[in-house]
Amino acid sequence: MNESLLMLTVMAAIGLGTPLIFATVGEILTERSGILNLGVQGMMLIGAVAGFWATFTTGNLFLGVVIAIFAGAALSSIHAFLSITLRVSQIVSGLALAIFGTGLASFLGRAGGNPLVGNPSRAVFEPVFTGSITEIPLIGPLLFGQDLLVYLSWAIAAGASYYLFHTRMGLSLRAVGEDPASAESAGVNVSRIRYTHVLIGGALAGLGGAYFSLALTPTWQDDPIGAAGWIAIALVILSSWRPGRAVFAAYLFGAAERVQFTLQTLGEPWSDIPSTLLAMLPFVLAIIAMIVLTSGKRARYLGAPEALAIPYFREQR
Amino acid sequence: MTKRRFIVEPRGLVSWKVRLGVPVASVLAAFIVAGIFLFLTGVNPIEVYSEMLDAAFGSPRGISETLISATPLILTGVAAAIAFKMLVWNIGGEGQFILGAIVASGVAIWLGDGVPSILMIPIVIVAGGLGGAMWASIAAIPRVYLGTNEIITTLMLNFIALALMNFLIFGSSSPWRDPEVSTFPQGRPIPESARIPEIFFRLTGGIFIAIALAVFAWYLIGKTRWGFAVRIVGDSSDTARYAGIGVARKILTVFLLSGAYAGFAGGLFVAGPVGALDPRSLDLGLGFTGIIVAALAGLHLIAIIPVAILMGALNNAGPSLQAIGVPTATVTMLQGAILIFAVAGEFFINNRIRRPDIEPDEESEVTPVLEEVEPA
Numbered sequence: 001m002n003e004s005l006l007m008l009t010v011m012a013a014i015g016l017g018t019p020l021i022f023a024t025v026g027e028i029l030t031e032r033s034g035i036l037n038l039g040v041q042g043m044m045l046i047g048a049v050a051g052f053w054a055t056f057t058t059g060n061l062f063l064g065v066v067i068a069i070f071a072g073a074a075l076s077s078i079h080a081f082l083s084i085t086l087r088v089s090q091i092v093s094g095l096a097l098a099i100f101g102t103g104l105a106s107f108l109g110r111a112g113g114n115p116l117v118g119n120p121s122r123a124v125f126e127p128v129f130t131g132s133i134t135e136i137p138l139i140g141p142l143l144f145g146q147d148l149l150v151y152l153s154w155a156i157a158a159g160a161s162y163y164l165f166h167t168r169m170g171l172s173l174r175a176v177g178e179d180p181a182s183a184e185s186a187g188v189n190v191s192r193i194r195y196t197h198v199l200i201g202g203a204l205a206g207l208g209g210a211y212f213s214l215a216l217t218p219t220w221q222d223d224p225i226g227a228a229g230w231i232a233i234a235l236v237i238l239s240s241w242r243p244g245r246a247v248f249a250a251y252l253f254g255a256a257e258r259v260q261f262t263l264q265t266l267g268e269p270w271s272d273i274p275s276t277l278l279a280m281l282p283f284v285l286a287i288i289a290m291i292v293l294t295s296g297k298r299a300r301y302l303g304a305p306e307a308l309a310i311p312y313f314r315e316q317r
Numbered sequence: 001m002t003k004r005r006f007i008v009e010p011r012g013l014v015s016w017k018v019r020l021g022v023p024v025a026s027v028l029a030a031f032i033v034a035g036i037f038l039f040l041t042g043v044n045p046i047e048v049y050s051e052m053l054d055a056a057f058g059s060p061r062g063i064s065e066t067l068i069s070a071t072p073l074i075l076t077g078v079a080a081a082i083a084f085k086m087l088v089w090n091i092g093g094e095g096q097f098i099l100g101a102i103v104a105s106g107v108a109i110w111l112g113d114g115v116p117s118i119l120m121i122p123i124v125i126v127a128g129g130l131g132g133a134m135w136a137s138i139a140a141i142p143r144v145y146l147g148t149n150e151i152i153t154t155l156m157l158n159f160i161a162l163a164l165m166n167f168l169i170f171g172s173s174s175p176w177r178d179p180e181v182s183t184f185p186q187g188r189p190i191p192e193s194a195r196i197p198e199i200f201f202r203l204t205g206g207i208f209i210a211i212a213l214a215v216f217a218w219y220l221i222g223k224t225r226w227g228f229a230v231r232i233v234g235d236s237s238d239t240a241r242y243a244g245i246g247v248a249r250k251i252l253t254v255f256l257l258s259g260a261y262a263g264f265a266g267g268l269f270v271a272g273p274v275g276a277l278d279p280r281s282l283d284l285g286l287g288f289t290g291i292i293v294a295a296l297a298g299l300h301l302i303a304i305i306p307v308a309i310l311m312g313a314l315n316n317a318g319p320s321l322q323a324i325g326v327p328t329a330t331v332t333m334l335q336g337a338i339l340i341f342a343v344a345g346e347f348f349i350n351n352r353i354r355r356p357d358i359e360p361d362e363e364s365e366v367t368p369v370l371e372e373v374e375p376a
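For the protein sequence lines, the chains are D and G, in the order given.
The first sequence begins at 1 in this note's numbering and counts up one residue at a time.
The second sequence begins at 1 in this note's numbering and counts up one residue at a time.
So here's chain D without its partners, still in its complex pose:
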């Protein structure tokens, strides 16, 4: 593999990994509060369509991102109400969100007299820096060749890590996810913390979705994000609920999604491997990693929140 191809692959892995970072960090914060939200795919799609629509209507990229964040959070509020207030099964509720979000996004992309589908975005995220700084070998493109949202993804991962492990609020959050009853007797409002972090998770998933429709593939299509929302849920476990590790896991999976293009560029015999088989790679990787990293005794060191997916009944302590 020559150097430029390696560079192309790494850059593509960063591109494909960026939406995964947003969604994974968001889901980490949600799960740290003890709520499992399997609706990431739906929230990302709603973010993607809402952000695309806003930018398509106004031409304003910033507004697209803001609308995507609100749309993702709005959809996640349904899950918050169902799982925190009504305390129903979080697994089925999350799946409901995923199905509803998928249907609604596809519906909104095709509905109305002048549908979005097939249209290119009116504005697209471009690399922030131009000129000679991006021509420095290696670090030029890697550090200075990215768009604004890539830098934002690094900032969010770093910020979330600091928040979780070095602030008082982060401590409360982790306490709620581990042992809500004890947290509550220490004066923490369990419901409020859970609501807040489900909404934050939805907001970040919405942002991740918008990265697809406003940066990666800025033309509206029915299925703009592939399986990113489902991959993100696996990445939460593979990064053992730590935002810092999520960055590396996301890039690894970004590279795995990219592998078919890389192999095609390499020429024979690599280009002979059917793309339909290579499409399996990220999912096979996820299953093997799940079995190797999370099985048996190792699961204990992984650090899953103790109270994850368990409804909290205040009176049944």
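Simulated from the structure, these hints should not be mistaken for laboratory data.
Take the hints with a grain of salt, since some may be wrong.
Facing chain D, a subset of chain G residues (Cβ under 7 Å, in silico) [what the hints assert, rightly or not]:
1) Gly42
2) Pro45
3) Phe159
4) Asn166
5) Phe170
6) Ala337
7) Val343
Ideal placement from N, C-alpha and C gives every residue a C-beta, glycine not left out.
The hints should help you fit chain G onto chain D, whose structure is shown.
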């Protein structure tokens, strides 16, 4: 203590009116929500819904197509329900359905024309079940013996199964691919002897096989000694362990049975209306829709049958919407909304809400657990 605005308390015995009324209300609520979105995009929801009703039930052919769509959903619904009852989160119905279709069509093509229908059709359906169970085992064995989270593994296996089917038809010259057609790759037709006879337009006898399999599952879980043990494991694995029930084996068996039911659906669909391993006819999200069916039916294995017909009607009505300029995705949106309200409905089935100054009637004379509900 602040004054309570509502009191939420568990219902004692849930009457059949509540059991039936809550799901019906969930469906109506979903139609209202989807109606709002339809209205906001400039179409008349009443017109859309009457078009759907007409497409699904307005003609004998429409009814036949609705029942065709319902057939696999009965089985993927049972697949989800028997797993969820045991708190086995098999989200992989989709992949197990596809593997069922792959193995069933593979066996049919391999056996060829020589085998009489009376043998061939059962063989093909059982092959589908084995394919589904085998695919489920990839997640079930690590779940039971290593404690690997089955939600993620079954989910990922869905995408692998889909890629595998695409590989067999689009990515290779496998025995599943039709060698006669070179323009656009498609599945090789299975032998005529493997096709279930049509009884009513395109509807095959497969609907009766699906119903029989659902009733069998209901009998197995609800009426047998084995099913009793399984239900104990589902209620409390600790109790089951004290009673000397082999919990791991029960979970494994139910997981595989769940996979087998999704696989039966795949086999039945191939032997029924599809007749080949055809990705365009098989990649319809029927495994996921099965989860909606199971949830709306309250995991009741007989109630699944009418609910599957309802969901089949929606699936069947989808394409007809394009003619009036409404996206087919309206159906997915509706089904997602139905699931959201069905999940919320669980709460209202299990709990009652009353004002504090009104005493409860006799229906719930069980020790009420008082609690505050935060105003949303």
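Hint check:
no. : hint   : result
1   : Gly42  : 6 Å, holds
2   : Pro45  : 12 Å, violated
3   : Phe159 : 5 Å, holds
4   : Asn166 : 4 Å, holds
5   : Phe170 : 6 Å, holds
6   : Ala337 : 6 Å, holds
7   : Val343 : 5 Å, holds
Hint violations for this structure: number 2 only, all remaining hints satisfied.
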